[in-house]
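> With the hints as constraints, model all of the structure from the sequences given.
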Amino acid sequence: MAKHATKARTDVGHILVQVQEDLKELKENLSQITIQTDGKTLDIQSLETAIRRTEIGLKRQAAEYLNSINRQVLTLPAVEYKDLPAGHSLADTIPANSKIIKKHESYPSLRKKYQGPRLGNAPQHTSPGIQHKMAMDVKILRDPTHPKNRNLINENYGLRFPIIRNALPEIPSQKLAKGTTISPIAILPPANRQDPSLLPPFVSEKDARKGILSLTERGLIPQGSELTLNPSPVQHKLAIMHDCQEKYKKPPPEIYGSYPQKSYYVVISESSPEEPKPLDRLTSKPPLNRGTVTPAPSVMTTSSMKDYNAAQRLLDKEIVPYDFHEPKEFQVVPLHQPLKFPRAYYVTIFSGTLDYTARDFQAFKQRYQSYWKHIFTFLEYLAMKLRKYDVPVAIVEGEKLAKISVVSDLDSQPTWEKLLPALQNKDLVEDIVMRPGQQYKGPDGMVIAATKIQAIWRQYLGRTKYLASLRQKWAAGVIAISWLMHAQMSRVKKTLKQSRQRHLENFRSRAKHLAANWNCIKASRRTIIHIPSLGYARWLRSTVPDIDTQQNLQMGRLCEIKDDNVDVIYICPLWIGEDVTQYYMKLLGLQESVKSGKPEAMVDMTNRLKVITPEATIHFTTHHLCLATHLKYSPQAIKRIKNLIEGKPAYIVGGLLHQDDLAVADMLNVPILGPEPEVAHLYSTKSGSKRIFTSASVPMPPGEYDIYRRQQMREVLIQLIIENLEIKRWLFKVDTEFGGRGTAYFDVTHLPCYHQTLMEFKKVGPTIWLKSKWMQEPAEIKMAKELPGVLAEHAQPVNQEIFPTWEKFLKMFLCQGGVVEAYPPSDSVTNLTVDMLIEPTGEISMVSCGDQIHSTSPLECWGTTVPQCSVEPSNLHSMCVKIAEACKCRGMIGFFSIDLVTFIHPHTMEQQVWATDLDLAYSNQLAMTQLMLFISHGNLACEANTFEVPPKLNEKKRRLRRHEVAKEVQTQTQLPFVKRYGVLSTQLKHGNLSMVHYSVLFKIFKAHGIGFDIKERQGTVFILHEGNKRDRLGMVTIGEDLQGALLTFARNLSVIHQEITAPNVQWENNFQAAIQDIETILGVTIANKSQEANSILPSELMI
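Mapping the sequence shown onto my numbering, position 251 (from 1) lands on 251, and the numbers just tick up by one.
Hints in this document: simulated from the structure, not taken from any laboratory.
Cβ atoms here follow ideal geometry from the backbone N, Cα and C, with glycine treated the same way.
One or more hints might be untrue.
Distance condition first, Cα-Cα at most 30 Å in a straight line; then the derived DSBU-like pairs of lysine-lysine [unchecked claim]:
#1 Lys771 to Lys728
#2 Lys206 to Lys610
#3 Lys388 to Lys493
#4 Lys979 to Lys598
Here are the computed distance ranges between Cβ atoms for each label pair [what the hints assert, rightly or not]:
#5 Gln1066 to Ser857: 14 to 24 Å
#6 Pro421 to Met241: 18 to 28 Å
#7 Gln796 to Lys598: 47 to 57 Å
#8 Lys1015 to Met667: 39 to 49 Å
#9 Ser857 to Lys1003: 27 to 37 Å
#10 Lys237 to Arg209: 57 to 67 Å
#11 Lys586 to Lys639: 24 to 34 Å
#12 Thr694 to Gly789: 27 to 37 Å
#13 Thr228 to Lys639: 48 to 58 Å
#14 Val566 to Ser695: 31 to 41 Å
#15 Ile768 to Gln1066: 55 to 65 Å
#16 Lys888 to Met667: 24 to 34 Å
Okay, here's the thing in structure tokens:
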């Protein structure tokens, strides 16, 4: 019976093949016949279409029948189509919306090899050996990459597959190697390991083949070596610029393998499934040329199909992983040349689970078998991450995953930023994993959440304890550092205190020695070291603009070499240029010319005059240090001074003394002609000077000092106003300020109750008013209410640059302390400055005196006229001597200056002189007086208020006439001295001076006749204040009378201003204000001369 079944199956197969051949022959015959019926041509094309449809159906039924009955795959030959135009394909004959759907059917198992017809007595059961062989054959058939797969299919089913060239290299079989498989490699010799400075050993060619990394790890190449690869492994290449819309184009389907030319291959469209359409909608295009159309076999497993359907429902879009090759639509496309397409390996992960038996996974594993362990570990980590985040489906691109796994390290726990590029549906996965709390929705979400909560809580507890311990540690560190700093600061302070105490003791001992030998030192040759230092507090020096230029305003000290026994060492805070040095050397070289009256008698003063600039001024440019501090930290300058004064009597004449002045004196081992620094700072304040004036019993303006509280200031001011109603302006002065900087004023006329109070005062008179406190009480109450608001509105600081508002001035006033004093009740007020000298022996002398000249404000001085002509000389001398005696009682010696004010009282019509300020330092007026006395070879008698110079030398004139018998000699009687007057200023400022070189400036002076006449001992001399801005100038004019000296000074200012000022550029200057003030003084001088002609005492002359 089996024989008959086999025969029947064979007959059916032959019958089907014969039917297909008959249809083919019929089709060829019909294409050559043209039938006409009733004059109409029979439509053969419709018949051909019906035959082709029958052929396709028969072919499918035959294949299914044979496959199910014979368990063989039979491929029927394709019907050949002739007369096909070039470029025509089968797709042209099928509508675009038509699809040939291949149903998914279950095929019989291929586990058993077809054995052909069996005999009736053949055994029904196979032996174990045959079963093992059949199992191996089935395994080979399931593996299309196996080398015996093609032969086995050909032997069992009679199919010959096309040869597909696999781009993957064959992986050789790996055998277990025993023992050492590599030869020993060279390492760094022991000598080089012990001494890295030795030359590296020679590198053989064999070692070089190991690579640079191997050579570096073995030490043959030093770690810090710079390696240059030639040729470079990085090759530059032009980048391809793709179209912006290209990324949205759907990539063409992938077809693997190569086919012969003029053949057809099947393209499987992966579009969304649609309902099959009838096949009778074929167009009537010409038939195709012959070829072979073979449907691609399906390799989709049952699990892959389920996964695909789940993914399709989830994404609602087409997903084409590696395993999904279920054909939806067939298109026959001609191939004109062999093509090779890259193969992508897709691994689908559902709910974080990998299917290790899936074909796509096995193919991916086979492709990267050489380093599969690392890739598999990375893939499992990715699956774990997906499972943790409850991602339903993720499609992994094998090639991208392999690349990422190579450059990534699992020890560093790759993040989603590194993992997502390996996914084809990364947008969907990224949207899922980025949802808040998604990591807790996985299978172990509850455990992970609980672990996370516990970890955060433990982290919080640990962090809290750590921060507490950290704060304690920080506090302990701060306490320790603070204690160490405190201990170090205490030691430094103790050392500094001891050092300063030692300096002070040495200063006192040297002062005693100076006092004991002063007369001897004055009579012998000596060296004077001038240090014009402004030893104010650091915060005060920081507010002084151009502090170095301010300390260099006393260049006139150089002129003390007029005494032949004096050598001068001048410490300059600025580096002096060559042109300025030459100017001073020529100016001081006129000493013999001034004495003899002969301009050609010049001498060299280089040996007697030295100007030294401390090198520390370069390094401490922004620290606002005084000159004494700069010198203290300049060892080269100290060493040079020591060499210059070695073996000679010397002493220091400073400015406002500082603690560093004592340190410099201790380094040089020379005395200082001046008071102790603490004494100088104490009595140079406004309150300190009031104490000196009070103890000297000299007239002072009504006022109060040592004011530190706002309420105290108001109470004092109200009491002073009530007791001195005739005074209309009151001044506020900060204790520590100088030069009129810390001064403000207030006019009582702004008080609403002032006029009513003044009327009551005039009614009762000053005697009753001062004794009747009950009369003053209503006025005090009213002023107490009105004064705060009036002060805030009408009180004005003098220097608006330092104190722009009254509030800022009041804050400084109450912080540093100050005084409140009256301004003279007169419209004509003259300020005086008198310079005094207390010698170490206690002798007191007046060395300079002059009337102040004011420009922008009556409370700021810019120059003086010498000698003073405002106060009776005897009264002025007695007042100044009293003040000097009070200073001497407090241990003060050296130079100091006194500021006074004089006016005519409006009620008594008598001249009054008030002492207003005291400055225990070498003043600018005294320095300019030294220059005036040097250039004129004169003498300033302050007790008589006269400035005397030697008269002009006699000139003998001889007239020779032949008709005269005798010679007549005319002589001129000489006076013992000639009076002169000088105008001095160091505060001339003009911004355009910095734009003119000194040589050009002196040419301008010469062109306008500005100079000094040595014979007449009158004219103009300039002081150059070398500075960073070079916008300041000092000037001295000497004339026969005060009016002539003032005119000369004003003319010089006018000439300089016109020559250096451009019409369209106006820089800051005080030249014009000075000229206006001089014009005012000249008017007063002319009026005084007219009064002098009417026998008015000179003491009543006022400027």
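> Taking the hints in turn, state whether each one holds.
Do the hints match the structure? See the list:
no., hint, in the structure
1, Lys771 to Lys728, "holds, 21 Å"
2, Lys206 to Lys610, "violated, 78 Å"
3, Lys388 to Lys493, "violated, 68 Å"
4, Lys979 to Lys598, "holds, 20 Å"
5, Gln1066 to Ser857: 14 to 24 Å, "holds, 21 Å"
6, Pro421 to Met241: 18 to 28 Å, "holds, 22 Å"
7, Gln796 to Lys598: 47 to 57 Å, "holds, 55 Å"
8, Lys1015 to Met667: 39 to 49 Å, "holds, 46 Å"
9, Ser857 to Lys1003: 27 to 37 Å, "holds, 35 Å"
10, Lys237 to Arg209: 57 to 67 Å, "violated, 28 Å"
11, Lys586 to Lys639: 24 to 34 Å, "holds, 29 Å"
12, Thr694 to Gly789: 27 to 37 Å, "holds, 33 Å"
13, Thr228 to Lys639: 48 to 58 Å, "holds, 55 Å"
14, Val566 to Ser695: 31 to 41 Å, "holds, 34 Å"
15, Ile768 to Gln1066: 55 to 65 Å, "holds, 57 Å"
16, Lys888 to Met667: 24 to 34 Å, "holds, 28 Å"
Checked against the numbered hints given earlier, this structure breaks hints 2, 3 and 10; the rest are met.
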